[in-house]
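**Q** Each chain, letter by letter, is given below.
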Amino acid sequence: MAWFKRTKSNIESSTQKKEIPDGMWTKCEKCNEIIHKKQLEQHAYTCPKCNYHFRIGSAEYIQILLDEKSFREMDKKMMSADPLNFVDTKEYKKRIKDVIKQTGLYDAVRTGTGKINGHNVVIAIMDFAFIGGSMGSVVGEKIARAIHKSIKTKYPLIIISRSGGARMMEGALSLMQLAKTCGMLTRLSEAKVPYISVLTDPTTGGTTASYGMLGDINIAEPGALIGFAGPRVIRQATGKDLPPGFQTAEFLLEKGFIDLICHRKELREKLTQLIDLFKS
Amino acid sequence: MPKVVLEFEKPIIELEQKVAEMKKLSETLDIEEEIKGLEEKIQQLQESIYSNLSAWQIVQIARHPERPYTLDYIQRITTDFVELYGDRLFRDDKAVVGGFGKINGQTVMLVGQQKGRDTKSNLYRNFGMMNPEGYRKALRLMKLAEKFNKPVITFLDTPGAYPGIEAEERGQAEAIARNIYEMSKLRVPIIVVIIGEGASGGALGIGVGDRILMLEYCWYSVIAPESCSSILWRSWDYKEQAAEALKLTAKDLIKFNIIDRIVPEPKGGAHRNHEQAAQILKDILIEELNELKKIKIDKLLELRLKKFLNMGVVTE
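Those protein sequence lines, which keep their order, are chains V and F. Per my numbering, the first sequence starts with residue 1, numbered consecutively. Per my numbering, the second sequence starts with residue 1001, numbered consecutively.
Some clues are possibly wrong.
[To be verified] Facing chain F, a subset of chain V residues (Cβ under 8 Å, in silico):
(1) R55
(2) M74
(3) T89
(4) S174
(5) L185
(6) A237
Please keep in mind that the hints were generated in silico from the structure rather than gathered at the bench. Using N, Cα and C, we set each Cβ at its ideal position, and we do this for glycine too.
Required output: the full structure, derived from the provided sequences and hints.
**A** Rendered as structure tokens:
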């Protein structure tokens, strides 16, 4: 009986599990491809099969973008002082202590000077692993000082954002970091020093609504979620389904809010090219 | 009698009703003494209740539906107000109002978030939640003020920037960032007044200035207490704790130098007496405008930047 014969191929479940051997292998979060760690490094932490960009941190960007041993970190040990004495289900002080121990980072951004193919730059790189890359007093202060450094040295400024927005545990002080960083950017602009903003997955809230969107050049990594309100909040507020591709880098390019999308493997060369264009 | 009575206002309102009834009776009965006694009691009660408000109670007053809104203040504070509409790019956002007006004979630009009083007007005003075109409208008006060297006064009263699909399509984040950036270097004095709710980036998008004033019973923070509760406690039930933890009242914020001055409200809150609330604010605005006028603009811009650079607490 032909009716019962399956002619079409089975529907493939995207949640099909693949076994990951320990140690040297990682699974792509999008296509489930098993990738060797060496291979992942070679591909600048993107999936060789589907181009998924892994959520990497400052250490990886330093390795990918900067000339070897050129990074000189600024304000390395600046930490949050918990000005509000904030307690939710956990004390903020304890939360910070734990996350420092867990990540080896002191807050959600690292700043410093370095070289990209011989060009001096001031660079700030956010770490999502530190309380969702949230911006509190430390992030604002470090970014403001990085901008100051950029004004003094005339080195182009690069900020790589990956952040859920302002940090709740520092209340209005976190919010004021938007004004602090934007205020410093007006001075950078007066000094005519180029600022390149690199937006990565995800960048939302106060981070997008301050220095994130204010680059002379705004670059995004492919597929990155970039927006003001997060998708969950929008769905809740409007009761509507979000269109496919909503708030992705590609969406923002079409809407006119970023200059270009750049694959992470080509980011170093693209930054070099842009800095050279500004300089020449 | 007010239409909406908050839980903690009830004892005061009940006594006030009693006094009103007794006053009617006093035409025929000699109860002057008793009325006087009750009035004193009301005053005592009001003082004890209002000097011990919790953060959450202050949030409730800030959201009181009978509270004066931006246009209520503008009407009472200014003369010759001419409302100006639109961002010249997309459309007019009704969640923000603005225009030229005179305070004490001097022309100023007034811009503020506007809420509605009932369902219909709230829908029209989008509950005071601005879209990107609103921020661009505000910026257009502030630039206009800059061009003609008029001071800017902004009124903050929003539950947040509108989290809508179209808002994202038209660049909500960019619009807010642009405003914060441009206000940091606008070459005229800016006075910011928080008159109700100051919710996060949506408020700060018109909130950078030389003097930050805040009415007594308002809140200003990085997130609304309910949303904070839902994210950090994973439940909507901890809004009182969240309000307390966020340190979002005027008394808290002045300690962190986030605001410069607390504007006193009439007894029982601004919603109990719009005229008086506006008069108090007007006097303070005149004073502040006169002070700011004395400072040369380059110096003022330096002080404005420094003011925000000093906000934040870190250890090194």
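**Q** Find the hints from earlier in the document that the structure breaks and name them by number, from lowest to highest.
**A** Of the numbered hints, 1 and 2 do not hold.
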